[in-house]
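Peer 1: For reference, the chains in residue letters:
Protein chains: 2
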Amino acid sequence: MPHWTQIVAEKQQRQLKSIPQEWLVSPPPDSTLDVTGFPETCGLLSAREIEITNTSTDVLLEKLASGEWTSVDVTTAFYKRAIIAHQLVNCLTEIFVDRALVRAAELDDHLKKTGKVVGPLHGLPISLKDQLCIKGLETTVGYVSWIGQYAEKNAVLVDILIECGAVPFVRTNVPQTIMWGETYNYIFGRTTNPYNRSLTTSGSSGGEAALIALKGSPLGVGSDLGGSIRRPSAFCGLYGLRPSYGRVPYCGAVNSLEGQDSSPSVFGPMTSSIGGLKTFMKAVVNAKPWLKDPLVVRKQWDEDEYNLVDHGSGKNLCFGIMWDDGVVVPHPPIKRALEMTKAALEKAGHKVIDWKPIKHKLLGDVTRDVFNAGTVEDLMMVTSGTGEPIISTMELDGSEPLLRTGGITAYQLWQLQKLRRDTRKEYLDHWEVTASETGTGRPVDAIICPAAPYVAHPHGKSWYRHYTMVWNALDYPASIFPVTTVDPTLDARIPSHEFYDDFDKKVYDMYDDPETFKNAPVCLQLVGRTLEEEAVIKMTEIVDAALLA
Amino acid sequence: MPHWTQIVAEKQQRQLKSIPQEWLVSPPPDSTLDVTGFPETCGLLSAREIEITNTSTDVLLEKLASGEWTSVDVTTAFYKRAIIAHQLVNCLTEIFVDRALVRAAELDDHLKKTGKVVGPLHGLPISLKDQLCIKGLETTVGYVSWIGQYAEKNAVLVDILIECGAVPFVRTNVPQTIMWGETYNYIFGRTTNPYNRSLTTSGSSGGEAALIALKGSPLGVGSDLGGSIRRPSAFCGLYGLRPSYGRVPYCGAVNSLEGQDSSPSVFGPMTSSIGGLKTFMKAVVNAKPWLKDPLVVRKQWDEDEYNLVDHGSGKNLCFGIMWDDGVVVPHPPIKRALEMTKAALEKAGHKVIDWKPIKHKLLGDVTRDVFNAGTVEDLMMVTSGTGEPIISTMELDGSEPLLRTGGITAYQLWQLQKLRRDTRKEYLDHWEVTASETGTGRPVDAIICPAAPYVAHPHGKSWYRHYTMVWNALDYPASIFPVTTVDPTLDARIPSHEFYDDFDKKVYDMYDDPETFKNAPVCLQLVGRTLEEEAVIKMTEIVDAALLA
Chain U
1 MPHWTQIVAE
11 KQQRQLKSIP
21 QEWLVSPPPD
31 STLDVTGFPE
41 TCGLLSAREI
51 EITNTSTDVL
61 LEKLASGEWT
71 SVDVTTAFYK
81 RAIIAHQLVN
91 CLTEIFVDRA
101 LVRAAELDDH
111 LKKTGKVVGP
121 LHGLPISLKD
131 QLCIKGLETT
141 VGYVSWIGQY
151 AEKNAVLVDI
161 LIECGAVPFV
171 RTNVPQTIMW
181 GETYNYIFGR
191 TTNPYNRSLT
201 TSGSSGGEAA
211 LIALKGSPLG
221 VGSDLGGSIR
231 RPSAFCGLYG
241 LRPSYGRVPY
251 CGAVNSLEGQ
261 DSSPSVFGPM
271 TSSIGGLKTF
281 MKAVVNAKPW
291 LKDPLVVRKQ
301 WDEDEYNLVD
311 HGSGKNLCFG
321 IMWDDGVVVP
331 HPPIKRALEM
341 TKAALEKAGH
351 KVIDWKPIKH
361 KLLGDVTRDV
371 FNAGTVEDLM
381 MVTSGTGEPI
391 ISTMELDGSE
401 PLLRTGGITA
411 YQLWQLQKLR
421 RDTRKEYLDH
431 WEVTASETGT
441 GRPVDAIICP
451 AAPYVAHPHG
461 KSWYRHYTMV
471 WNALDYPASI
481 FPVTTVDPTL
491 DARIPSHEFY
501 DDFDKKVYDM
511 YDDPETFKNA
521 PVCLQLVGRT
531 LEEEAVIKMT
541 EIVDAALLA
Chain R
1 MPHWTQIVAE
11 KQQRQLKSIP
21 QEWLVSPPPD
31 STLDVTGFPE
41 TCGLLSAREI
51 EITNTSTDVL
61 LEKLASGEWT
71 SVDVTTAFYK
81 RAIIAHQLVN
91 CLTEIFVDRA
101 LVRAAELDDH
111 LKKTGKVVGP
121 LHGLPISLKD
131 QLCIKGLETT
141 VGYVSWIGQY
151 AEKNAVLVDI
161 LIECGAVPFV
171 RTNVPQTIMW
181 GETYNYIFGR
191 TTNPYNRSLT
201 TSGSSGGEAA
211 LIALKGSPLG
221 VGSDLGGSIR
231 RPSAFCGLYG
241 LRPSYGRVPY
251 CGAVNSLEGQ
261 DSSPSVFGPM
271 TSSIGGLKTF
281 MKAVVNAKPW
291 LKDPLVVRKQ
301 WDEDEYNLVD
311 HGSGKNLCFG
321 IMWDDGVVVP
331 HPPIKRALEM
341 TKAALEKAGH
351 KVIDWKPIKH
361 KLLGDVTRDV
371 FNAGTVEDLM
381 MVTSGTGEPI
391 ISTMELDGSE
401 PLLRTGGITA
411 YQLWQLQKLR
421 RDTRKEYLDH
431 WEVTASETGT
441 GRPVDAIICP
451 AAPYVAHPHG
461 KSWYRHYTMV
471 WNALDYPASI
481 FPVTTVDPTL
491 DARIPSHEFY
501 DDFDKKVYDM
511 YDDPETFKNA
521 PVCLQLVGRT
531 LEEEAVIKMT
541 EIVDAALLA
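Residue numbers (UniProt numbering), protein chains in the order written: chain U, 1 to 549; chain R, 1 to 549.
If you are wondering where the hints come from, they were derived from the structure by calculation, not from laboratory data.
Take the hints with a grain of salt, since some may be wrong.
For chains that are exact copies, the list does not tell them apart, and a pair is met inside one copy or across any two.
[Said to hold, decoys possible] With a straight-line Cα cutoff of 27 Å, these simulated DSSO-like cross-link-like pairs (lysine-lysine) come out: (1) K282 <-> K63; (2) K418 <-> K351; (3) K315 <-> K112; (4) K315 <-> K292; (5) K356 <-> K335; (6) K315 <-> K351; (7) K518 <-> K116; (8) K153 <-> K359; (9) K11 <-> K506.
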C-alpha cells in the first residue's frame, strides 16, 4: 500500500481535475480577509447568473416550477459560484459537474414533456455534507483511509431529495473524524470563513456553511451531533435547523461513532433564505422517510403545529431569553444581538422573560463523555487502514493539542446515559413550570439563546460547545437565525470582572481586540420542544420578521 | 444489617397483613391444576361481584360513567377476586385495599357532584407490574435489596392513569431482575399458570397475566423488553400489546439495565377483553405524555391510522403468516392456531400469504448480547445491597442454571448496536418489497406469527425468546390474541423428523406428551410497523372478529 501522503496527493489531483478549467479564477491574496464580494466581481458570472444565485430558495422553486428558469441554468449558475467559493475558502470535497447537469437536463425535460414537476424541490441544486453517500462517489469524511471507497448506493436522504426533484451537485468539507468544531483534514485542508479568512467557519459542517455564505448553494444539508449545523450556520450568517432525533433519515450515510445510539447525530438544512428551512423539512417528512429508514419517527408533517395551534396560534408568544448558560459568559456582540432580538419581539407584541438555565454544564459534559466512551477505539480502527495520523489540534501552529480519553465499559456507559436521561426529565419539568410565569397560560413557547459564547474566531479556539450541545443532550430542535454583524464600536470589550471560573476568563480574554472579529456575522439560536420542528420553524420566521421590521 | 432471608421474612409478613382476613379462602390442594373455576365457586364473591368481574373493560367504563355501578363496588369486586387469585397462583406483590377504595370513593363523589367523569378511565381498577412506582409504596422488582425503598412519587404512567380516572389497585409479581421469561423471586415466590399450576405463566409480567386470566383485574400494565408482555399474555389466554419505543411513558418506573438506551423496555396493556387495548392506548396517548416524560414521542393518537387509511381502510387486507422462524419449529398447537387463523381470515375476505423470515437468529442474538453488555455488573451492583444470591435458574429442581456472560466495552457495544441497526434496515426493505406479492398494491399489512414455539410449559423451560424478541429488536409493535386451547387429540405429537439443529430438536422433545399441556391457552402474535400502534390494534380486532365469526 502506498504511503498515506501519496494517497492524499492522488486524491487532490483527482479533485483538481474535476474542476472545469474555464471556471478557474485568480483569487485575491490571502491577506484579503473578506471575500464575500469576490464572486460577483471576478467576472466569471453573468448578470443573470448573479441574479439566479442571489434569489431565495422559494422564489427559485417557483421559477423552476413555472419553467421561467431551467434547472440546467440554475444548476450551472450555482455550480460556477460554488467553484469560485471553493477557490476562496476551500469548501468542497466531491465535484461532479457533468453528472449534476445531466440530472438537471432530465428534470427540465420532464417538466417540458409533462407540464408537471417531479416533486416539491424540482430542479433545485442542493449541496451535501461529505457524509451523504452518492452512488459511484467517494465519501471520505476527511479520513485518508476512506479514499477509494466508492458508494454502491445513495444514502436514503439523497434518494429522497432526488425523488423530490432536487439536484445534488457538490459535497462539502468536514474535519477528519467530524468530531471537531472546526473544519480541517489532511485531504482537503482547511475551510475558512468568507467574512474573514483568518477566522474559522466552525465545524463540522464548515464547508457547507462557507459555501452557502458565498451563495454557492441555495440550500445544503449539514449534520449535528453537538452543534455541527448550528455553529457553522451562526458563524457564517445563515439559517440552520437541528431537527430532533429521527425526523430526517440518516440511513446509508457514513459517520464516526456508528452504533452510538443514545445521542445520535441528525441531518438538517442550512440556507441563506429562511424559507429554505420549511421547504426542506416539509419535503423530506412528506416523503414518508420511515418507509426507507427504520430509525425515522412515523410522524407526518403537521401544518397545525406549523400554525402554532399549541402556541396560541402565534399571537402574543412568550419567549425565554438565556443571556448566559451559567458556565461561560458570551462576548459583547452576542449580548447585543440578544438585546436587539428582545426589543424587536417586544415591539412586535410578544413577551420576553429571562430563561434560567439548569445543569447545562452537567448536560454538556455527560453527553461529551457518552461520545468519548468509545471514540479512541473508533478513530484508531478507521485510521489503521492507512496509518494516517489522528489530527489532535485545529490550531494553525499545532499548539493546544486535544488529548482524547480512553474507552469505558458498556456498564459505565449505561450509567452516563442514565444520568443524562434523568437530567432530561428535570429539564422537561423545569420548562413546564414556566407556565406560572409567562402570563399566557402556556409554558415558555421557545428559548432564545447564543449558539456559542463567541462569533467566528481565529482557528483553533473552538473551546466550548455546550451552548449547542445541551440541546442535543435534551433532543430539543433548535434553529439559527442572523441578527447583526460585529461592529467594534458598538461591541467594545467590557472591563474585566468576576468570572465563573478560569475557563470563563479564558474565553473572555479571547475577545481582547474587537477588530479581530470585525464584520463577523452574529446569529442566535431558537430552541423548541422535542419533535416540534414545525413550531420551531414558524417561530424562527416570526423572530426573523420582527428583526427585519 | 439483618441477613437477607430475615428481610424477606419481614416483607412476607407485611404482605400477609395487607390482605383483609375476611378475604382469605381455602384454596384447593396443589394437585388441583386448573383453578380457573375456583373464584366463582369459592363463595367469597356475590353474584353481582361475579357479574362485575366478568364484564368487559368497555362495558365496565360505560356503567361506571353512567353511575350504574360505583367505582367502590367495581374496585371491591375486583380486589376480592384478585386476593382469591393470589391465594391460587401467587400473583400479587403490593396490596393496598384501603388506599384504592378511598380513591374509588373520591371518583364516585366527583361523578355524583359534577355529573362528569374525571377522564376516559373513570373508576376503572387497573393492576400494575411491580415496576410502576406508587408514592409511599415499595417497588422491589423481586430484589431483596430494594425492600424498604418507598417511592417519593408516582411513575409518570401512574400519574397519567390517575389523571384519566383509573384506580391503581394492586401490583403484580415478576422474576428477580425482570430478566427472565418466567416469574419467580425470593420475596414473593413463584407465580403459576391458572389453567395448569404445574405450568409457567411465563414472565416477566407473569403476575399480571395470571391475575387477569383469573379476572382479578380487567386491565393491567406489563412491560416488554424481549417479550415480557406478550409471552405471559399468550400463555394465559389474554390480549396484550407491546407498543413501539416511546409511545407509553416509562419515566419514574424502576427497571434493570437502566441507561441501556438502544433497545429499551416498554410498557403496554394486558387485558381479558380486546377493547382494553384501544381504551388504554388512546387514553394514555391523548394525555400528551411527552409533556411529562422526555423519551415519549410527540405523536397524537391518530384515528385515521386506527381506521387503517394506510391499509385500504381495512378491506381486503393481506396478512403474512410466519409458520416458523427458521430456527425453532413451533409445537403442534401453535401450528393448528396458525391454520385456524388463516382459514378465518380467508373466510372474512382477506388474503393470507407466507411470511419469509430473514435473520431472526441474528436479530435475537445481537439484541440479547446488547442486554448482556453490562448485565452482570448491573445485577451485582443491585444485589450487593444485601448479599442476596442472584437467581440462576427457573427450574423447580435448580438444574440447568443460566451462566450470564461478563461485560464488554462501550466500543464493542456500539458494534453490536450498529449490526442491529443495519439489520433493521434490511428487514424494513424486506417488508417493503412484499408489495409485489400481495396484490393489494401495498406491502403486507401485518405479520401473524407464534409468540413462542410452545404454549405454557413446565417451569424452567423458557429456552427460546426470539419469537417475541426479534420484534423488540426491530421496534415493531406487536399484539397477542387468543385462538384456542390445547386439545391432545387435535394436537398430537408429530413424528420425529429432520431438525434445524440440536436446539430445535430439544424444543421438539419438550412436547413429548400432549397431555402435559392440556387446556393451555394458544395465542398468536400480530406484528405491524414501527409507531403504528393504532393500526395494529385495529387489525387485531379484525383478526379476533374473524376467529369468533
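Peer 1: First find the shortest C-alpha distance between K418 and K351 inside one copy, then the shortest across copies, and answer within, between, both or neither for a cut-off of 27 Å.
Peer 2: Answer is neither; intra-copy 36 Å and inter-copy 45 Å both fail.
Peer 1: One pair to classify: K153 and K359, alpha carbons no more than 27 Å apart. Within, between, both, or neither?
Peer 2: Result: close only across copies, 22 Å inter versus 42 Å intra.
Peer 1: Is it within a copy, between copies, both, or neither that the alpha carbon of K282 lies no farther than 27 Å from that of K63?
Peer 2: Within one copy only: 19 Å inside, 45 Å across.
Peer 1: My question is about K11 and K506: at a cut-off of 27 Å on alpha-carbon distance, are they close within one copy, between copies, both, or neither?
Peer 2: Close neither inside one copy (39 Å) nor across copies (57 Å); limit 27 Å.
Peer 1: Pop the pair K315 and K292 into one bin, within, between, both or neither, using alpha-carbon distances up to 27 Å.
Peer 2: between (38 Å within a copy, 25 Å between copies)
Peer 1: At 27 Å max between alpha carbons, let me know whether K356 reaches K335 within a copy, between copies, both or neither.
Peer 2: within (16 Å within a copy, 61 Å between copies)
Peer 1: Are the CA atoms of K315 and K351 at most 27 Å apart within a copy, between copies, both, or neither?
Peer 2: within (10 Å within a copy, 51 Å between copies)
Peer 1: If the cut is 27 Å between Cα atoms, do K315 and K112 qualify within a copy, between copies, both or neither?
Peer 2: neither (43 Å within a copy, 39 Å between copies)
Peer 1: Are the CA atoms of K518 and K116 at most 27 Å apart within a copy, between copies, both, or neither?
Peer 2: neither (47 Å within a copy, 65 Å between copies)
The structure fails hints 2, 3, 7, 9 (numbered hints given earlier, in ascending order).
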